[in-house]
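There are 2 protein chains.
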Amino acid sequence: MTKAQSFVTLTYLIETVGHPEKLAAKIASDQSTGTFVAVPGETEELKNRVAARVVALRPLPPLAVPSFPSAEAGPFNRAEADIAFPFEAIGTDLAALMTIAIGGVYSIKGFTGIRIIDMKLPEEFGRAWPGPQFGIPGTRRLTGVAGRPIIGTIIKPALGLRPPETAALVKDVIEADVDFVKDDEKLMSPVYSPLEARVKAIMPTILEREQKTGRKVMYAWGISATDPDEMMRNHDIVVKHGGNCAVININSIGFGAFAFLRRRSALVLHAHRNGWDILTRHPGLGMDFRVWQQFWRLLGVDQFQINGIRVKYWEPDESFVSSFKALAAPLFDAKDCPLPVAGSGQWGGQAPETYEKTGRTLDLMYLCGGGIVSHPGGAGAGVRAVRQAWEAAVAGIPLETYAKDHKELAQSIATFSGGKGA
Amino acid sequence: MTKAQSFVTLTYLIETVGHPEKLAAKIASDQSTGTFVAVPGETEELKNRVAARVVALRPLPPLAVPSFPSAEAGPFNRAEADIAFPFEAIGTDLAALMTIAIGGVYSIKGFTGIRIIDMKLPEEFGRAWPGPQFGIPGTRRLTGVAGRPIIGTIIKPALGLRPPETAALVKDVIEADVDFVKDDEKLMSPVYSPLEARVKAIMPTILEREQKTGRKVMYAWGISATDPDEMMRNHDIVVKHGGNCAVININSIGFGAFAFLRRRSALVLHAHRNGWDILTRHPGLGMDFRVWQQFWRLLGVDQFQINGIRVKYWEPDESFVSSFKALAAPLFDAKDCPLPVAGSGQWGGQAPETYEKTGRTLDLMYLCGGGIVSHPGGAGAGVRAVRQAWEAAVAGIPLETYAKDHKELAQSIATFSGGKGA
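Just so you know, the protein sequences line up as chains G and X, in that order.
For the first sequence, my numbering begins at 663 and goes up steadily by one.
For the second sequence, my numbering begins at 663 and goes up steadily by one.
Calculated from the structure, these hints are not laboratory results.
This one's a predicted model, so the numbers in the text were calculated from it and none came from an experiment.
It is possible that part of the hints are untrue.
Chain copies aren't distinguished; within one or between two, either way the pair holds.
Computed list of lysine to aspartate or glutamate pairs in DMTMM-like fashion (alpha-carbon distance at most 25 Å, straight line) [said to hold, decoys possible]:
1) 902 x 977
2) 782 x 870
3) 902 x 892
4) 878 x 898
5) 771 x 979
6) 1069 x 750
7) 862 x 891
8) 1069 x 834
9) 684 x 1053
10) 862 x 706
11) 833 x 683
12) 688 x 734
13) 688 x 977
14) 862 x 750
15) 997 x 780
16) 709 x 834
17) 833 x 706
18) 862 x 780
19) 688 x 1018
20) 771 x 837
21) 987 x 870
22) 684 x 780
23) 782 x 744
24) 709 x 858
25) 833 x 898
26) 1019 x 892
Using the sequences and the hints, build the whole thing.
Quick look at the structure:
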């Protein structure tokens, strides 16, 4: 009984025409002991043991324009509130954590903005969840890549290719000596390209190449399916034919299905987070990636797509950098760090900035679509150009200088530095 | 080959400093055939078969203030765009539908606002998914309630009670002749109230009452768990002890876990949507309930919480009414309609307006917390007051008039009409 109580502590960015401290207190009350009715027995003592408490409140400058449209006049007051939930009130279940500390909060009246900006979990969570099965060391071992980023590409068009057509494209990029290839996340198992037919059309090329070179390209198969049993059948098809990786639409299948898969998986699990953007794109609403990624890391994501520098999407560079740093920081142990995957519009030109801004690490996957397959010298030249760009980045040599005696990089600069890539 | 092609059609509310029609075209391109590279063979024909197309664009008045904060000056142009995805491009998988037509869209650059406001699915979806197992007729049969709404209550405080304390509260409300009782959605299986202990403490009371009266209260147990196997163990505990309903935190467990449960479930599945609010609370961002509810109905929700009139939460009445109407409209068949559940701050006073605004139906659950248990005459009087309020609503008699010879209702009006309830 003398063991110190442990807490789950969340930080909320609260915005309101009223007093942020009142809303912070309301979160703590509503999301734990709530509307309280006196009942017999030890209830007061229990309340003390499970009630959440506001442990810090840091006022921020008010906003003139509210995050949720409001009929009321501003200013819209803001504060960061740290609220501590006794561990006993939640336990280690992630769905319980989501419902109690996050989900229910979004429905509370009186906010003109609400964003969950940080979460600190006690060690019990680290012991309760498996974390990545392969992570960074497993990805390096399976791809045989050391001393540089894993270089990957994506098969395009996203939708519409039949398996033999996809296989022809895959053959090209594998012969280009790329380390990793993935199905577009939108390609799962449509009638024109059922997963099993696609696997059967492509795996022989991968295995032949492995026989010849000793190196096996890691191919991330789109095994996601709503029904976890079907997803496991897809998983088994990939395993049976010698595959070693899957791309999972984590947000579309949800926590439960991912937990189910992870517990049974023999594959490296590459997470695509489509759908996540709407939860984070408005800076006053939703959730920071630093919070959301904790759930998925505990659940066992091995490789985590987080955009990159100068991407095609809405996300600004500093948001990518912050996501990268969140993934690179151990939650409880270095083994719970997945491999960050930088992608979208990448072609090598962003290598120096990626390297400098993410803490000079080579532990990442660098995923290029058009930056490899649309290289004027072909995909092989595209892969060499990307490797050269990373060599230059690590050596601290400007790309233009390094390109003087590296012609593939020179061609990439000429082709893509206007901002194209894919 | 002459069979007409079927389509999945979504409507997007697009907001941008640029041209909405360009962003509509970008959604259609990015989310189907995407970045297109010429490849050998039948690709053009396949592209024609899977490419999404903008089929209608309806301009709306521009906004002066953007939904996502923007450094650019307005006006912020808006349009509703209908985009048709060939059925073949998606298939019936709901995770594929979410990723292709919704999830990926949120990441596209150039929006100052993006909201999914409608979705029309072809009949193939109705055949592919189970829908509600019990729905409205099953709930009526199991509760034995006809000709009026199902009246329910929630055990409070949300967190902190041990099983014997919860059992004492449940005994009170069951003796009050309520039709339905639920665990607070935040109560799942914490150490101080493990589900099995709670079930064992409470089910005997429910079964005894059934023996005595022939009527069995429907109790919704908080069986949600991240791990679908654990959720099924929770399900089995409830079934083994004679329970017939579960409250599920659908957003916290996700599509896959819910599909897994539904396929194996012997319980009525009562959906709590905590977490959903952040996806719909900003009118220019996220998703309308009319879209989101389709996924969950196909997956098999039996009872769906959607707030109510004059709730404690942020949601305005018209949003509740619109959600109610969405649930009451068959997707493919009347059997796919779950029972709408009106709750939060209800005590009977909202019955007339609820009845009038939702199409004069009695097919709903009316869930009162404090409105029943805090009635000055006790929970039994609280239940009678709520029934009286619904009798008055159906007869078109003002509550104050009906209360003249219905003293429990009169007491409720005196106690709660200042807006209290729970």
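Each hint, compared with the structure:
1. 902 x 977: Neither: 38 Å inside a chain and 50 Å across chains, both beyond 25 Å.
2. 782 x 870: neither (47 Å within a copy, 45 Å between copies)
3. 902 x 892: For residue 902 and residue 892, only the intra-copy Cα distance (15 Å) is at most 25 Å; the inter-copy one is 28 Å.
4. 878 x 898: within (19 Å within a copy, 44 Å between copies)
5. 771 x 979: between (33 Å within a copy, 13 Å between copies)
6. 1069 x 750: For residue 1069 and residue 750, neither the intra-copy (61 Å) nor the inter-copy (43 Å) Cα distance is at most 25 Å.
7. 862 x 891: Cα proximity of residue 862 and residue 891: one copy only (21 Å, versus 31 Å across).
8. 1069 x 834: The answer is within: 20 Å in one copy meets 25 Å, while 82 Å across copies does not.
9. 684 x 1053: Neither way: residue 684 and residue 1053 sit 54 Å apart in one copy and 39 Å across, limit 25 Å.
10. 862 x 706: between (63 Å within a copy, 24 Å between copies)
11. 833 x 683: Result: close neither inside a copy nor across copies, 60 Å intra and 37 Å inter.
12. 688 x 734: Answer is within: at 20 Å inside a copy they meet the 25 Å cutoff, but 36 Å across does not.
13. 688 x 977: between (32 Å within a copy, 17 Å between copies)
14. 862 x 750: between (49 Å within a copy, 21 Å between copies)
15. 997 x 780: Within one copy only: 21 Å inside, 43 Å across.
16. 709 x 834: between (64 Å within a copy, 21 Å between copies)
17. 833 x 706: between (68 Å within a copy, 21 Å between copies)
18. 862 x 780: Neither: 44 Å inside a copy, 38 Å across copies.
19. 688 x 1018: neither (43 Å within a copy, 33 Å between copies)
20. 771 x 837: neither (58 Å within a copy, 33 Å between copies)
21. 987 x 870: Result: close neither inside a copy nor across copies, 38 Å intra and 58 Å inter.
22. 684 x 780: within (20 Å within a copy, 37 Å between copies)
23. 782 x 744: within (10 Å within a copy, 42 Å between copies)
24. 709 x 858: between (54 Å within a copy, 21 Å between copies)
25. 833 x 898: Cα proximity of residue 833 and residue 898: one copy only (23 Å, versus 49 Å across).
26. 1019 x 892: Classified as neither: same-chain Cα gap 41 Å, cross-chain 42 Å, threshold 25 Å.
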